[in-house]
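Colleague: Make the full structure from the sequences, and use the hints.
Listed below are the residues making up each chain.
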Amino acid sequence: MLSLLCGAVVATATTPARAQTPAVHHGGPPGVVHDVTGSPTPPFIPARRETTSSGQIISKTHHITLVAQRRPDGSLTYNGTIPGPTIEIYEGDEVELTLVNQLDVDVSVHVHGVHYKADSDGTRHTRSFAPPGGKYVYRWIAAPGTAGYWHYHDHVIGPGMDGVRGIEQGLYGALIVRKLGDPLPDKTFILVMQKVWFNNNVYPHTPLLEAKLGERVEFIVITHGARFHTFHLHGHRWREHGTTRIIDTFTQNAGESTAFQVTAGEGVGPGDWMYHCHVHDHIEDGMLGFFRVRP
Amino acid sequence: MLSLLCGAVVATATTPARAQTPAVHHGGPPGVVHDVTGSPTPPFIPARRETTSSGQIISKTHHITLVAQRRPDGSLTYNGTIPGPTIEIYEGDEVELTLVNQLDVDVSVHVHGVHYKADSDGTRHTRSFAPPGGKYVYRWIAAPGTAGYWHYHDHVIGPGMDGVRGIEQGLYGALIVRKLGDPLPDKTFILVMQKVWFNNNVYPHTPLLEAKLGERVEFIVITHGARFHTFHLHGHRWREHGTTRIIDTFTQNAGESTAFQVTAGEGVGPGDWMYHCHVHDHIEDGMLGFFRVRP
Amino acid sequence: MLSLLCGAVVATATTPARAQTPAVHHGGPPGVVHDVTGSPTPPFIPARRETTSSGQIISKTHHITLVAQRRPDGSLTYNGTIPGPTIEIYEGDEVELTLVNQLDVDVSVHVHGVHYKADSDGTRHTRSFAPPGGKYVYRWIAAPGTAGYWHYHDHVIGPGMDGVRGIEQGLYGALIVRKLGDPLPDKTFILVMQKVWFNNNVYPHTPLLEAKLGERVEFIVITHGARFHTFHLHGHRWREHGTTRIIDTFTQNAGESTAFQVTAGEGVGPGDWMYHCHVHDHIEDGMLGFFRVRP
Chain A
59 MLSLLCGAVV ATATTPARAQ TPAVHHGGPP GVVHDVTGSP TPPFIPARRE
109 TTSSGQIISK THHITLVAQR RPDGSLTYNG TIPGPTIEIY EGDEVELTLV
159 NQLDVDVSVH VHGVHYKADS DGTRHTRSFA PPGGKYVYRW IAAPGTAGYW
209 HYHDHVIGPG MDGVRGIEQG LYGALIVRKL GDPLPDKTFI LVMQKVWFNN
259 NVYPHTPLLE AKLGERVEFI VITHGARFHT FHLHGHRWRE HGTTRIIDTF
309 TQNAGESTAF QVTAGEGVGP GDWMYHCHVH DHIEDGMLGF FRVRP
Chain B
59 MLSLLCGAVV ATATTPARAQ TPAVHHGGPP GVVHDVTGSP TPPFIPARRE
109 TTSSGQIISK THHITLVAQR RPDGSLTYNG TIPGPTIEIY EGDEVELTLV
159 NQLDVDVSVH VHGVHYKADS DGTRHTRSFA PPGGKYVYRW IAAPGTAGYW
209 HYHDHVIGPG MDGVRGIEQG LYGALIVRKL GDPLPDKTFI LVMQKVWFNN
259 NVYPHTPLLE AKLGERVEFI VITHGARFHT FHLHGHRWRE HGTTRIIDTF
309 TQNAGESTAF QVTAGEGVGP GDWMYHCHVH DHIEDGMLGF FRVRP
Chain C
59 MLSLLCGAVV ATATTPARAQ TPAVHHGGPP GVVHDVTGSP TPPFIPARRE
109 TTSSGQIISK THHITLVAQR RPDGSLTYNG TIPGPTIEIY EGDEVELTLV
159 NQLDVDVSVH VHGVHYKADS DGTRHTRSFA PPGGKYVYRW IAAPGTAGYW
209 HYHDHVIGPG MDGVRGIEQG LYGALIVRKL GDPLPDKTFI LVMQKVWFNN
259 NVYPHTPLLE AKLGERVEFI VITHGARFHT FHLHGHRWRE HGTTRIIDTF
309 TQNAGESTAF QVTAGEGVGP GDWMYHCHVH DHIEDGMLGF FRVRP
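Protein chains in written order, with our numbering: chain A, 59 to 353; chain B, 59 to 353; chain C, 59 to 353.
Honestly, the hints are just simulated from the structure, not real lab data. Values in this document were obtained by computation on a predicted structure and should not be read as measured data. Warning: the hint list may mix true and false statements.
Copies of one chain are not kept apart here, so a pair can be met inside one copy or by any two copies together.
16 Å max Cα-Cα, derived EDC-like pairs, lysine to aspartate or glutamate [as the list claims (entries may be wrong)]: (1) Lys175 - Glu324; (2) Lys237 - Glu342; (3) Lys118 - Glu154; (4) Lys193 - Glu276.
Modeller: Dropping the structure here:
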């Protein structure tokens with residue numbers, strides 16, 4: 059499966075072909091984020107920024123292929139994982155995203171945050187989707203002002219004019235738009251809340267997120283579905299995105315995305331720190347997992 | 059109906075009598091915001107600010123009449139539209155609002171954000187409501203510090219001591235309190251989320267919002283009811299009110315109001331850009347509409 | 059009951075033994091916040107800060123005992139009240155909290171916001187709970203950067219690995235971490251939203267919050283449970299925590315906590331100002347109360 063995924067990432071003229079890394083390390087050797095039961099952490103398509111001699115980022119066009127596939131368990135994926143690949147780019151970059159549809163229904167990619175023309179909207183009324191066995195090419199522009207933690211998802215599968223059933227079955231992923239000077243983490247984790255799931259699983263099948271004491275860890279949290287959630291991480295706290303407030307729990311509902319960075323175990327030490335939705339019936343139904351901070 | 063509504067807006071000494079404008083233009087000729095099926099955009103009662111020779115705003119008292127009416131389809135309205143008139147004032151202004159009750163039940167106006175004495179609270183325990191066939195006069199003061207996007211609604215219709223059934227049937231509207239220096243939009247749209255509705259309608263009866271490429275457009279979003287929502291607009295993004303975070307989706311629940319301004323089609327061009335609640339079962343039930351950006 | 063509670067607060071070397079005050083006054087004589095039907099306002103364990111001659115706060119360790127008890131009505135409490143005691147400390151302080159379990163099930167204290175080692179997590183997998191008839195000692199550190207409005211609650215009662223039934227029955231309270239220079243209120247009120255309750259009661263059994271015109275009043279709002287809420291206070295508005303936005307209504311869901319300070323009746327005068335959840339079915343079910351501003 060991985061070799062197929064690797065092949066799906068097509069090199070640009072300025073970017074050497076590279077495999078999608080199954081875990082996320084910035085500036086260090088690649089590692090693997092283990093899951094208790096093996097559900098994989100999504101591949102990461104890193105920006106691998108190049109700078110000029112004066113420190114400016116060289117903008118580039120990322121050529122990325124997403125293959126919409128059905129897994130044996132009936133779930134739907136981009137490139138075989140849930141979430142799909144995490145795409146990291148910089149303000150000024152562009153993405154040419156080729157969607158290959160191996161499903162038997164229309165499928166699309168709708169993205170949040172960045173610029174795109176109406177024909178890259180990923181919706182039915184703009185006819186920007188791929189038919190079964192077909193392809194569709196989307197173009198995204200990370201214009202200045204679009205830095206942030208965004209996401210992409212199917213927007214056509216399901217009844218009604220705007221499908222959301224593809225999302226429910228797994229067709230979603232994260233998009234990071236960085237800008238020069240953003241603090242870079244040692245690791246990035248993606249947690250998507252939907253129903254009583256993290257990444258379409260309940261405990262103990264939720265991701266086991268691992269870091270060493272003192273590593274800078276970035277949590278990207280995205281929500282889909284029809285239920286409201288509050289994300290809580292034990293033993294850590296952070297500045298709310300865009301405000302001066304320190305929080306350790308936040309509300310997030312369908313279509314929203316945010317992120318925070320923490321120093322693993324800072325002031326609290328190693329341990330298995332629980333992350334969970336704080337909504338009572340959700341946690342009772344297994345909407346929890348662990349952030350394992352190793353000494 | 060409109061002539062009745064016009065009559066309901068009583069001129070002040072310093073403000074010439076004016077018709078309620080069925081669409082919202084600032085600094086340009088009045089226009090009309092068309093709805094796919096004709097449900098009207100609420101009338102706009104503009105601040106029409108006057109300034110001194112040194113640029114200071116001349117505070118004024120706005121005399122406004124709202125007539126609580128039942129429409130043939132059973133819905134309840136202030137002045138015949140859902141939402142009721144959008145009221146725009148400036149910090150320093152006051153509003154003397156006369157509520158005329160043409161219903162067969164008590165009705166009130168409760169306002170958010172601005173100052174008012176307890177006898178302008180619009181609640182049952184303060185007896186600040188109009189009986190059937192009667193009137194009630196409310197006084198609001200937009201004291202310094204109250205600039206923002208607020209709203210008003212009935213607070214007495216329904217079972218229990220605090221009615222919310224009037225809101226459900228249409229008794230709500232927007233209040234804008236501006237302050238000197240606020241960027242003024244070319245157009246203002248009001249979208250109220252309740253149940254799976256925008257402005258008490260599902261698609262295709264939701265408002266079709268129209269603007270020309272490059273116009274500065276203000277979206278005021280208000281929520282009522284018993285369901286949670288996330289507002290999403292395709293192809294555009296904005297700074298979250300009061301923070302430095304760029305978003306294109308936000309959670310909003312009953313009683314909350316906010317707004318954002320975008321440049322229509324900026325960086326993305328013309329098109330029919332969807333707005334919708336991102337909650338899965340809501341969008342499946344038709345909680346969506348279009349922002350048509352013309353070339 | 060109160061004498062028992064008083065005994066439960068053990069003095070530190072630097073803090074004289076003191077009774078928990080049944081109402082909250084800063085810098086003035088103690089008062090009582092009356093409830094319409096007598097449900098008590100939670101006791102307040104004040105920081106009683108001491109400063110050096112140069113104005114620096116002298117950090118201290120607070121020794122606090124919480125006794126988990128079942129009340130005759132079947133509800134569960136820390137020290138006999140719902141919410142449990144409000145704990146106020148300063149950045150730099152530590153808390154040694156002894157939990158005494160008088161229940162017939164395991165019980166714990168999990169805290170938000172501050173630092174603590176894994177063995178003070180209050181969870182089952184860390185075995186940081188008190189068995190029936192037993193005790194457990196937690197250590198919290200209010201490290202720099204943890205100032206804010208936090209809360210504590212049981213994390214082990216109930217089915218599944220992480221109990222939330224103790225919270226539902228009343229095992230929760232507020233934690234305030236102040237920092238030097240924070241504006242101190244004349245009074246602090248705690249309102250916890252859960253189901254259609256404030257502090258596990260519906261109107262008219264919700265707290266009647268009383269203040270004199272012009273007093274600086276702090277509202278701490280916390281949410282638990284499985285329903286979403288929007289807190290609204292009539293006649294007042296405030297700057298949203300951490301932002302520049304002025305609001306009078308906000309969304310809050312399980313596990314979140316925030317606070318705001320208002321000047322009682324500022325610009326609006328005395329009156330019975332309603333506070334309520336703005337979600338329609340919640341207010342219809344009695345999720346409301348009053349903030350009585352006396353002349």
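Colleague: Evaluate each hint against the coordinates.
Modeller: Checked hints:
| no. | hint | verdict |
| --- | --- | --- |
| 1 | Lys175 - Glu324 | between (44 Å within a copy, 10 Å between copies) |
| 2 | Lys237 - Glu342 | neither (39 Å within a copy, 36 Å between copies) |
| 3 | Lys118 - Glu154 | within (11 Å within a copy, 55 Å between copies) |
| 4 | Lys193 - Glu276 | neither (33 Å within a copy, 37 Å between copies) |
Of the numbered hints stated above, those contradicted by the structure are hints 2 and 4, listed in ascending order.
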